[in-house]
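*Asks:* Next come the chains, spelled out residue by residue.
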Amino acid sequence: DGGITQSPKYLFRKEGQNVTLSCEQNLNHDAMYWYRQDPGQGLRLIYYSQIVNDFQKGDIAEGYSVSREKKESFPLTVTSAQKNPTAFYLCASGQFISSGNTIYFGEGSWLTVV
Amino acid sequence: AQSVTQLDSHVSVSEGTPVLLRCNYSSSYSPSLFWYVQHPNKGLQLLLKYTSAATLVKGINGFEAEFKKSETSFHLTKPSAHMSDAAEYFCVVSEDGGATNKLIFGTGTLLAVQP
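As they're listed, the protein sequences go chains X and F. All residue numbers for the first sequence refer to the working numbering, where the first residue is 198 and numbers rise by one. All residue numbers for the second sequence refer to the working numbering, where the first residue is 21 and numbers rise by one.
So that you can see chain X by itself, here it is in the shape it has in the complex (with noise of 0.2 Å):
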């Protein structure tokens, strides 16, 4: 089936450490995105990447890292910096087209600080 996989789909991380999401799409999708979803706020975004090789910071950037070595994955490290990293994650891809880019969304990681 094509799509956009997030794994896991729960992570528990400890305070101090680094943990690492991970985002696979079958798609064929140039663009990838990763958004943070917090009760009430919507949707923010926290990388881009438009491209291979190149990736953008969107929003809230500060604390979190990514890569973007392949086509089709897009993992995104939240690192000890981040101070509030408890929330729901969401991962998404698009591709360029004429009349309007269209994105679509994995199933979001639930992450939690203990």
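Keep in mind that the hints were calculated from the coordinates and are not lab data. The C-beta atom is built at its ideal place from N, Cα and C for all residues, glycine as well. Certain hints may be false.
Claimed, not checked - Computed list of lysine-lysine pairs in DSS-like fashion (alpha-carbon distance at most 25 Å, straight line): (1) F/K78 x F/K88; (2) X/K280 x X/K206; (3) F/K62 x F/K78; (4) F/K62 x X/K268; (5) F/K62 x X/K206; (6) X/K267 x X/K280.
Said to hold, decoys possible - Partial list, derived from the structure: chain X residues whose beta carbon lies under 8 Å from chain F: (7) S219; (8) G239; (9) Y301.
Said to hold, decoys possible - Label-pair restraints from in silico Cβ distances: (10) X/S264 x F/T37: 45 to 53 Å; (11) F/L40 x X/N225: 31 to 39 Å; (12) F/S100 x X/N250: 47 to 55 Å.
Position chain F against the provided structure of chain X, taking the given hints into account.
*Replies:* Below, chain F alone, put in the same frame as chain X:
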């Protein structure tokens, strides 16, 4: 800068009655607009999108939305609510008319459907 405002954080309707979820946007460009739906603990699913073609856009599950430039609105409607429509709905505008592929999300409207 582009922005989007969802006018109601919660909407409650009875099953079989119409649904109206309101969205206003601000954009310097000709915008692309989207509605997404999110069920609990799930990702977002695209309901419909407007990209400067027909102003009345039909989506999945009987939903539709009308782009009104004069009112800067893109309200989502459905003639008859079903229990399975209970979810959170996000209105989204594409920044720079889609050129950068960055989406600006509203804060969401939680739709409750009463039996």
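*Asks:* Each of the hints needs a verdict: does it hold here or not?
*Replies:* We went through each hint and held it up to the structure:
A threshold of 25 Å between alpha carbons decides the hint, and for F/K78 with F/K88 the separation of about 15 Å falls inside it, so the pair holds. Between the alpha carbons of X/K280 and X/K206 the distance comes to roughly 21 Å, so the proposed pair stays at or under 25 Å and holds. Distance restraint check for F/K62 and F/K78: the Cα-Cα separation of roughly 23 Å lies within the 25 Å cut-off, and the hinted pair is therefore satisfied. Between F/K62 and X/K268 the CA atoms are separated by roughly 24 Å; this keeps the pair inside 25 Å, and the hint holds.
Between F/K62 and X/K206, the direct Cα distance comes to roughly 10 Å. Compliance with the 25 Å bound is thereby established for this hinted pair. Restraint check for X/K267 and X/K280: not satisfied, since their Cα atoms lie roughly 29 Å apart, outside the 25 Å limit. Because the closest C-beta pair between X/S219 and chain F is about 14 Å apart, greater than 8 Å, the hint is violated. Interface restraint check: X/G239 against chain F, minimum CB-CB distance 4 Å, threshold 8 Å, status holds.
A distance limit of 8 Å between C-beta atoms decides the matter here; for X/Y301 the minimum to chain F is near 7 Å, and the interface restraint holds. The hinted range of 45 to 53 Å is satisfied by X/S264 and F/T37, whose Cβ atoms lie roughly 49 Å apart. At roughly 37 Å, the beta carbons of F/L40 and X/N225 sit within the given window of 31 to 39 Å. At roughly 49 Å, the beta-carbon separation of F/S100 and X/N250 lies within the given 47 to 55 Å, and the hint holds.
Comparing the model with each numbered hint stated earlier shows that hints 6 and 7 do not hold.
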